[in-house]
Amino acid sequence: MTNAFFFSGRELTDEEIPSFPDLHHFTVRPGLSDPPQHCHRCGNTSNLSSHPCVRCGKRCTYCRNCIEMGKISSCTTLYRWIGPEPAHSKRAGMLHWSGTLSAGQKMASDNVLLAIQNRSEHTVWAVAGAGKTEVLFAGIAAALSNGKRVCIAAPRADVVRELAPRFEKVFPDTPPAALYGGSPDRNTYSPLVVSTTHQLFRFYEAFDVMIVDEVDAFPYTFDQSLQYAVQKARKKESALIYLTATPEPAWQAEIQAGSRDATLIPARYHRQPLPVPKMAWCGNWKKSIVPVPVLKWVKEKEKALVFYPHIDTMDKALPIFKEINLRIESVHAADPLRKEKVEAMRRGDIPILLTTTILERGVTFPGVDVAVVGSEDRVFTESALIQIAGRAGRSINYPTGDISFFHYGKTEAMVRAVKQINEMNALGKERGLLDS
Amino acid sequence: MKRCLLCENDTAIQSWRAFFGAKPPTLCESCTSQFEKLSGPSCNVCSRTMDQTGICPDCAAWEKNIFLSNQSLYRYNDAMQDLIARFKYRGDYALADIFAEDIRKVAKKMSYDLICAVPLSPSRLIERRFNQSEALIEMAGLTPAPLLARHESDKQSKKSRAERIGTEQTFYPIGDAKGKSILVIDDIYTTGATIRLVADALDGAGASSVKSITVARSGS
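Line order of the protein sequences matches chains A and B. Going by UniProt numbering, the first residue of the first sequence is number 1, and it counts up by one from there. Going by UniProt numbering, the first residue of the second sequence is number 1, and it counts up by one from there.
Just so you know, the hints here were simulated from the structure itself, not pulled from any lab data. None of the values given here were measured: they were computed from a predicted structure. Treat the hints with care, as some may be off.
These stretches of chain A come out as covered by chain B in the derived footprint (C-beta under 8 Å, 3 or more residues) [to be verified]:
| # | region |
| --- | --- |
| 1 | 44 to 55 |
| 2 | 68 to 74 |
Below are the DSS-like pairs computed for lysine-lysine, each with C-alpha atoms no more than 30 Å apart in a straight line [unchecked claim]:
| # | chain 1 | residue 1 | chain 2 | residue 2 |
| --- | --- | --- | --- | --- |
| 3 | A | K316 | A | K90 |
| 4 | B | K23 | A | K58 |
| 5 | A | K429 | A | K278 |
| 6 | A | K58 | B | K2 |
| 7 | B | K37 | A | K316 |
| 8 | A | K299 | A | K235 |
| 9 | A | K303 | A | K287 |
| 10 | A | K235 | A | K106 |
| 11 | A | K303 | A | K106 |
Which residues of chain A face chain B? A partial, calculated answer using Cβ under 10 Å [stated by the list, open to error]:
| # | residue |
| --- | --- |
| 12 | C60 |
| 13 | Y62 |
| 14 | R64 |
| 15 | N65 |
| 16 | D208 |
Here a beta-carbon is modelled for each residue, glycine too, at the ideal position from N, C-alpha and C.
Isolated chain A (complex conformation) (with noise of 0.2 Å):
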């Protein structure tokens, strides 16, 4: 690796430059832009602050919002290389991959390649259980093979270093750098990179392939600066494709009045119909913890997520568990244990996982029963709902599961998505992508 191809496509303050390679290959700009001040790297406008310098002597201006990356004040100075940018290696649109796609994932593979080679916008929005990753295998392959770069943005690190072993095995000549905060490939050039949103802060008109993965996810739809990176890290004559499960309401009406371009697959892989939640009054859970119905439910099976709304409720609620069973556990986001726990439920040694929305996307148990305790909860939002339902019946063996919202009162957002889950079952079945 020579420096020239790290620093191409990257911007960069001083302090993250060890030396300069070749400085007439640069041009640079200031951290911060003129007043109105908005950070050059992360986009904030209003998260600001300011302290007397003794860098540059005066009062200086400093972004707090990405400041766990390295500070950027008005006297720090970005620097952008401009030099010549690296070749590809002649193998790298290589394609190692045997599998065959589904009816539905053949044509959204074929509208991304497609949006790819005219660098257009498009939306695949597949429900949970479709592939998608293999959606992008051909696009990114012609990409490759172009001499293109190409980005796969996902909302958490968690799901990049899921995801880029998943390419590597099928570029294997184009490892992909994996970039997330602490990654060892963080100073790795690749035309294939595989990055958390807030990574992107740190590249400028890099790539002619952006793809963000789970765009309805958190914390990508709540923060204005992750958007304001995904555009500021590719290119302006770029493709930009969407992947979600769930698309939030706005997106699902502009694709129905096809005033967005989009693909959706109704259908799992494995062509059995999505589980259908059911729904069951359960009285003030807030009270009885576990209410009886709930109990029950847990007791008939072998293998279940029981979601909880807030940990503490969850926490009160372990002990009650814990005398059906005592290896039954609870996991939240800030959990030391939370990957081991995660893993011992996929071994089978935890039978029974309560959880709070930190595991509704992203993992798959096979043959795994769901239940949502006080699903009116306002953390249940119609695409959360949604995506805890696409936890079940994942697997080929175990098409089927049952799902249960337990609730005091019913709310919109549950009717929501117990009519999107039916919904796409009809179409499924219209389109010929369900064999029952």
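Dock chain B against chain A, hints included.
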């Protein structure tokens, strides 16, 4: 509406309190609850938590100099460690505001003639863009007196206890503190080695006594 300096959520303040001029909190309740204010019996010299108030063995073992005592505000737990790292190493100056009122209140109860910051060496100061000790003093609405400077040296936070205690003097006086009692304000008290070296240098400037306020008390 005011946002929490750490998590960006709204900080709640009852409107009637704001009406009577109460300052909105810098942190939300959830972030505040992660920090442990020091209370209960402790060492009279260094603020270490003890079963009974008195003087801890470490402080009893130190050679006498003009350093009298340190008062720490918080325990150096994981949350405080993260906060101070973000303040000092990441350079998030605004976080000094979290301690401004506490420092002002404690300082008000103390008797002293001058306030002194713990200086950084020139290269470290350029690297960090500001001196965290001065930031704490200025955010509390107080004014540091230019009494000390510091030679280049290795980082204190990378050293073991034995190394710290044997540390050579890097502070030197640049101002006149003849007969004055000095209050030093800094972020962390660990072994007390730094503050005793500061006190020795202030002794060289003519100071009569030194006390300190530190945001966090590290160590057991």
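Go through the numbered hints given earlier and state which of them the structure violates, listing their numbers in rising order.
Per hint list: 3, 8, 11, 16 violated.
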